[in-house]
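**Q** Put together the whole structure using the sequences plus the hints.
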Amino acid sequence: MTATTLSIPARTTRPAGRVTFPRAVLAEWIKFRTVRSTVWTLVATVVVMVGISVLAAWGTTTNAVDAGSGSMNIAQLLSAGYQLAQLAVAVLGVLTVTGEYSTGMIRSTLAAVPRRTPVLAAKALVLAVVVLVVSVVSMGLSYLATMPWHDQLHATFDLTDPVTVRMTVGLPLYLMAISLFAFAVGALLRHSAGALTAVIALLLVVENVLMLIPLRFVELMSPFLPSTAGRRVLFDAETLSATDAMTNGAHLTPWEGYGVLLAWVLVLVTTAGWLLRRRDA
Amino acid sequence: MIEATGLTKRYGPTTAVDHMSFTVQPGRVTGFLGPNGAGKSTTMRMIVGLDRPTHGTVTVNGHRYAEHRAPLHEVGALLDAKAVHTGRSARNHLRAMAATHGISTKRVDEVIEMTGLGSVADKRVGGFSLGMGQRLGIASAMLGDPQTLILDEPVNGLDPEGVLWVRNLTKYLAGQGRTVFLSSHLMSEMALTADHIIVVGRGRVLADAPVADVVAGAQGSSVRVRSPQAGRLEELLRRAGAGVTTTEPGLLEVTGSSAEQIGDTAAAAGLPLHELTPVSSSLEDAYLQLTADEVEYHSSTLDPTLSGADAPTTESALR
Numbered sequence: 001m002t003a004t005t006l007s008i009p010a011r012t013t014r015p016a017g018r019v020t021f022p023r024a025v026l027a028e029w030i031k032f033r034t035v036r037s038t039v040w041t042l043v044a045t046v047v048v049m050v051g052i053s054v055l056a057a058w059g060t061t062t063n064a065v066d067a068g069s070g071s072m073n074i075a076q077l078l079s080a081g082y083q084l085a086q087l088a089v090a091v092l093g094v095l096t097v098t099g100e101y102s103t104g105m106i107r108s109t110l111a112a113v114p115r116r117t118p119v120l121a122a123k124a125l126v127l128a129v130v131v132l133v134v135s136v137v138s139m140g141l142s143y144l145a146t147m148p149w150h151d152q153l154h155a156t157f158d159l160t161d162p163v164t165v166r167m168t169v170g171l172p173l174y175l176m177a178i179s180l181f182a183f184a185v186g187a188l189l190r191h192s193a194g195a196l197t198a199v200i201a202l203l204l205v206v207e208n209v210l211m212l213i214p215l216r217f218v219e220l221m222s223p224f225l226p227s228t229a230g231r232r233v234l235f236d237a238e239t240l241s242a243t244d245a246m247t248n249g250a251h252l253t254p255w256e257g258y259g260v261l262l263a264w265v266l267v268l269v270t271t272a273g274w275l276l277r278r279r280d281a
Numbered sequence: 001m002i003e004a005t006g007l008t009k010r011y012g013p014t015t016a017v018d019h020m021s022f023t024v025q026p027g028r029v030t031g032f033l034g035p036n037g038a039g040k041s042t043t044m045r046m047i048v049g050l051d052r053p054t055h056g057t058v059t060v061n062g063h064r065y066a067e068h069r070a071p072l073h074e075v076g077a078l079l080d081a082k083a084v085h086t087g088r089s090a091r092n093h094l095r096a097m098a099a100t101h102g103i104s105t106k107r108v109d110e111v112i113e114m115t116g117l118g119s120v121a122d123k124r125v126g127g128f129s130l131g132m133g134q135r136l137g138i139a140s141a142m143l144g145d146p147q148t149l150i151l152d153e154p155v156n157g158l159d160p161e162g163v164l165w166v167r168n169l170t171k172y173l174a175g176q177g178r179t180v181f182l183s184s185h186l187m188s189e190m191a192l193t194a195d196h197i198i199v200v201g202r203g204r205v206l207a208d209a210p211v212a213d214v215v216a217g218a219q220g221s222s223v224r225v226r227s228p229q230a231g232r233l234e235e236l237l238r239r240a241g242a243g244v245t246t247t248e249p250g251l252l253e254v255t256g257s258s259a260e261q262i263g264d265t266a267a268a269a270g271l272p273l274h275e276l277t278p279v280s281s282s283l284e285d286a287y288l289q290l291t292a293d294e295v296e297y298h299s300s301t302l303d304p305t306l307s308g309a310d311a312p313t314t315e316s317a318l319r
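From first to last, the protein sequence lines stand for chains E and W.
Its first residue numbered 1, the first sequence is counted upward by one per residue in the UniProt record's numbering.
Its first residue numbered 1, the second sequence is counted upward by one per residue in the UniProt record's numbering.
Simulated from the structure, these hints should not be mistaken for lab results.
If the Cβ cut is set under 7 Å, some of the chain E residues that face chain W in the computed set are:
id, residue
1, A24
2, L26
3, A27
4, K31
On a predicted model such as this, the values are computed, not experimentally measured, just so you know.
Glycine included, C-beta positions come from ideal geometry on N, C-alpha and C.
**A** So, in structure tokens, the structure goes:
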């Protein structure tokens, strides 16, 4: 039964099976796709995004009060489901890391890659790429699914228009950043329920409530919260000016806002990496 | 080879491991024995870099674990049978672990075969019994074909056939010149498997010696003597400096004197002997003696010092 282990003591002949970053990424990719929860969360993301786009298109045509006032930007239609989609990718981001802590898998993972930070980087890379791809696929499907209503809505998709391009590119980038933000919170808290609660409460409740509180300190801080800042990349000029009219803090440009979200991600992931090296697993 | 020097781990005010120094040599099975809370698991976790020592160092083959470029080829560890994502199949778990070191899927299939997991390898680990979890943990440890194996309670939850398999496997691997370090609270298992044992209690090393030496060094070695004139014999033996206890009329438990000496004493005095039996202490006796003062959680109904001094029933059960 142990015939395969007979040739051991002469260990100099062993092939150099060292841990490398690409190998760590491959391992994380295998782990990512071999757990059902990740697969189902991705399916949910696609369903939510396409479904809400279709509802938005259909709804606009049925109660269209101002349907005649102008053409509709399809990019806006494609990102209609971003609020729910960000929750799905946030859950995915959290579970990618906390699932290992709740099951004890993290000890196997860190024993295999004891330098630890490559694990975090590999997980983040796999998550980011998957969320980007799934977002782009969802947008493609949303475009196809809403086609029956495009004519009725006078909908246009003008990729020479910089705002349309920004909104189109912005959606996958926004969802990727939110999933990484959630991932970092998961890596910091190391607990599924705690991290999910923190991320969802922040995205759904805290940021939206703070926008309404007329305290000067809150007004100054609110535009720099992760989602408040980052989602500006999804808004058309009309929505941006409407949002700015309601708030008295800084009015970031869409890409400045996205930069603020990325800064949040960078700080949290770096902190998580630093703690990962220091903490007992 | 595993070398620990002044290894210490504190969790707040609790000292789990207290200046432990020991060397685990290749080519033999080294047992790590101690009561619950003695610091065995913490020590093993520090060896593979999962826990950071408060003081001291521990190296494997001359390097700290995290310094190894291919740790799974150096050290295979079973620290916790449940260190696996419950939603993943055993095969996918092993493939992911193997991928970090570029280990082939052929090797994954080999360790699955070797550990007898073939029929359940594609099932989710969440449904595994403790014994299957242990086998998967051993499969993970063997994945990189490492020179050093660290197994924390490997026979926990295994059926008798599995226990025998682990015993043979560890002996076989040590026979190949590998370093095998296994912990167990089953002293009988340790007596059968280990060549050398390190006994710990309350985070300190109490004994570090070949199994035979630990047994011989225990004070429990005694001679059972039955004589119709036990009272007279007891007097003579005490005068000669031996320790004598009487558990029933006509029966003496003599310590500090060999069977030959007792026989000669009795013959010189013309006293008849009905029984003269050397009672060598078992590993369990030695262990209980060593750890009597060190156990963290004393059983309230059983005084461990008492059971350590004379435990003929467990002792005979073990042999």
